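Those sequence lines, one after another, are chains A and B. The first sequence begins at 1 in my numbering and counts up one residue at a time. The second sequence begins at 116 in my numbering and counts up one residue at a time.
Rather than coming from a laboratory, the hints here were simulated on the basis of the structure.
Derived BS3-like pairs: lysine-lysine, alpha-carbon spacing no greater than 27 Å straight-line:
hint	chain 1	residue 1	chain 2	residue 2
1	A	K13	B	K155
2	B	K118	A	K57
3	A	K57	B	K156
4	A	K57	B	K152
5	A	K57	B	K216
Computed far set for chain A versus chain B, every beta-carbon distance over 12 Å:
hint	residue
6	P61
7	F69
8	E75
9	N77
10	S79
11	S86
These figures come from a predicted structure and were not determined experimentally. Cβ atoms here follow ideal geometry from the backbone N, Cα and C, with glycine treated the same way.
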Amino acid sequence: KAGVTQTPRYLIKTRGQQVTLSCSPISGHRSVSWYQQTPGQGLQFLFEYFSETQRNKGNFPGRFSGRQFSNSRSEMNVSTLELGDSALYLCASSNADRAGDYGYTFGSGTRLTVV
Amino acid sequence: EDKVVQSPLSLVVHEGDTVTLNCSYEVTNFRSLLWYKQEKKAPTFLFMLTSSGIEKKSGRLSSILDKKELSSILNITATQTGDSAIYLCAFHSGYALNFGKGTSLLVTP
Chain A
1 KAGVTQTPRY LIKTRGQQVT LSCSPISGHR SVSWYQQTPG QGLQFLFEYF SETQRNKGNF
61 PGRFSGRQFS NSRSEMNVST LELGDSALYL CASSNADRAG DYGYTFGSGT RLTVV
Chain B
116 EDKVVQSPLS LVVHEGDTVT LNCSYEVTNF RSLLWYKQEK KAPTFLFMLT SSGIEKKSGR
176 LSSILDKKEL SSILNITATQ TGDSAIYLCA FHSGYALNFG KGTSLLVTP
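Isolated chain A, as found in the complex (with noise of 0.2 Å):
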């Protein structure tokens, strides 16, 4: 069965500019989770939907945002790039209705640069 698919692979964008990523989970999986990871930081949670819904959210700025759609993809935005959003970005879903009974299978990742 397929794994979770992230796109784009890469992505080099500028300060100021806005970006969109997108994660498709495993098939069947209702929940969709988003993270960051940064050397300095490692993994960092930024928020996870089920079916449709923000059900939590991380400690970062509004220029992140995401969402959801029916067929559970996710997408996340993130507005006014700074260079400190460099970083490679993890998508993780999981076919649990209660979040933390099972364990979150990970993307390859979305390996954003801003210059």
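Go by the hints and put chain B onto chain A.
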């Protein structure tokens, strides 16, 4: 504030050695503790632990949770060069995984 601390931060061993990676946590609402292996990009799931004292095993890897000590260990026996990776520990407190900074393991031939 919830936090996860992993030790050591990095480790270099020879093939065949046994390694023990440590993870300690301070959380207000614990649901489960997970271990992941990250080689290039996608962290791959290793174990999820919810009950204290019950060891989980998969081949040469094993892990156990100690809720009294708020810690977990990941053991790798007879290490191979393919075990070289970053090992991530995370706890789940509700709707998110809270990760430690990881342990970078290098297994030399």
